[in-house]
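Counting from 1, one number per residue, gives the positions in the sequence shown under UniProt numbering.
Think of the hints as simulated: they come from the structure by calculation, not from any bench. Remember, predicted model here, so these are calculated numbers, not experimental data. Ideal placement from N, C-alpha and C gives every residue a C-beta, glycine not left out. A few of these clues could be false.
Here are the simulated EDC-like pairs of lysine to aspartate or glutamate, each with C-alpha atoms no more than 16 Å apart in a straight line [stated by the list, open to error]: (1) 71 - 85; (2) 172 - 28; (3) 131 - 200; (4) 77 - 28.
Label-pair restraints from in silico Cβ distances [said to hold, decoys possible]: (5) 36 - 66: 30 to 38 Å; (6) 20 - 44: 30 to 38 Å; (7) 60 - 83: 42 to 50 Å; (8) 197 - 76: 25 to 33 Å; (9) 68 - 27: 46 to 54 Å; (10) 40 - 210: 53 to 61 Å.
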Amino acid sequence: MLQTISDWFWWDRLWLPNNYTWADLADDDGFVSVKPSQLYISVLYAFIFVIIRHVFERYVATPIAGAMGIKNKVRMKASPNPLLERFFNSACKHPSQLEVYGLAKKCNLTAVQVERWFRKRRNQERPILLKKFQESCWRFTFYLLALIGGVAVLYDKPWSYKIKHVWDGYPKQSVLTSQYWYYVLELSFYWSLLFSVASDVRRKDFKIQLVHHFSTVFLLVFSWCVNYVRVGTLTLLVHDASDFLLEAAKMSNYARWKRSCDVLFLVFALVFTITRLIIFPFWIIYATVVYPLDICTPFFLYYFFNMIMFTLQLLHIYWSCLIFRMMKKVFSGNMSGDDRSDKEEDDLSEEEDEEPCLKNGSGANMCRIVNGQHDR
């Protein structure tokens with residue numbers, strides 16, 4: 001039964017052009033084919049990434065945070081109160097003034113004491129600033145190293161400069177060792193994000209990020225299995241180009257480095273626009289839509305892969321709208337709210353020292369960072 005399902009799923013006509021079969025792609029002298037089993041090791045490496053991350057956050061990110069002026073602030077816990085705790089968990093975390101008066105009467109407290117209790121209780125559930133900085137520092141480090149690694153893998157490849165070459169010899173394209181490790185390390189990183197999702201800072205776009213991580217893992221595995229490796233590595237490089245800048249801007253935000261945050265966000269917005277709205281659609285997607293028609297007739301993989309690529313581009317457009325909307329508010333001086341997709345509750349009204357709201361001339365409030373470019 002399982003063999004029948006496998007044979008049907010991997011039917012040649014679905015995944016290979018013209019009259020090619022999987023037998024034609026078997027390893028022979030001088031040709032190394034892709035195999036799904038080659039990516040199994042990424043799961044093991046993902047656990048290693050989790051361990052490395054824990055060590056990095058404790059012994060590297062924490063000292064960096066201290067050097068940048070971020071302190072591990074200890075929050076005061078709300079005093080035990082079963083009635084207020086039950087209301088907090090089952091009814092509302094932000095009671096109205098009328099509800100505050102009612103709860104105060106039931107608990108024999110003043111309204112101010114009840115409000116203070118809810119403020120402390122809400123703050124208990126918020127991640128401390130140091131935790132946010134540690135996560136951003138880890139992601140910044142990986143994305144920067146991934147970008148450097150991607151450039152090292154692709155700088156001497158002809159398809160990096162004339163993208164039509166990604167289809168030379170397709171589907172019988174030998175996989176290089178550098179391409180394999182680029183894929184494995186990127187895939188391992190996203191597996192590690194899924195493994196640590198329960199302990200990471202839970203942001204408002206948690207579900208979107210979870211879907212994104214699963215989608216990224218799927219796209220990496222899928223593009224490897226059907227030997228779209230050349231296109232896949234170019235796509236990874238285009239996305240890595242802006243990711244580290246966003247994390248750097250967040251780190252500056254948490255450290256209250258106002259001018260650095262403003263500059264980094266502007267650079268991020270510029271790089272995001274160039275890579276996601278120009279290079280990706282007019283260079284990479286163009287190559288996956290137009291050039292394959294010169295070597296084969298359209299088949300299922302052609303339509304399926306391009307559907308995924310266009311879906312990815314729609315996400316880019318969505319995130320770019322958030323970025324441009326925030327930039328418009330910044331330069332018009334009308335920034336009144338937090339446009340981040342990962343915005344937590346504003347701590348300024350509850351814990352004045354928690355997360356800064358930066359103001360720097362015309363760049364007022366630019367520190368409120370847009371998130372959501374991890375979408376591969």
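Now the hints, each set against the structure:
1. For the hint linking residue 71 to residue 85, the alpha-carbon distance of about 29 Å lies beyond 16 Å, and the restraint is violated.
2. For the hint linking residue 172 to residue 28, the alpha-carbon distance of about 11 Å falls within 16 Å, and the restraint holds.
3. This hinted pair checks out: residue 131 and residue 200 have alpha carbons roughly 9 Å apart, not beyond 16 Å.
4. For the hint pairing residue 77 with residue 28, the CA-to-CA distance comes to about 66 Å; that exceeds 16 Å, so the pair is violated.
5. Distance hint check for residue 36 and residue 66: the Cβ-Cβ separation is about 45 Å, which falls outside the suggested range of 30 to 38 Å.
6. Taken as a hint, the range 30 to 38 Å holds for the pair residue 20 and residue 44, whose Cβ atoms sit roughly 32 Å apart.
7. Between residue 60 and residue 83 the C-beta distance comes to about 44 Å, which sits within the given range of 42 to 50 Å.
8. Against the hinted window of 25 to 33 Å, the Cβ-Cβ separation of residue 197 and residue 76 comes to about 28 Å, which satisfies the hint.
9. Remark: the range hint 46 to 54 Å for residue 68 to residue 27 is upheld by a beta-carbon distance near 51 Å.
10. At about 23 Å, the beta-carbon gap between residue 40 and residue 210 misses the expected band of 53 to 61 Å.
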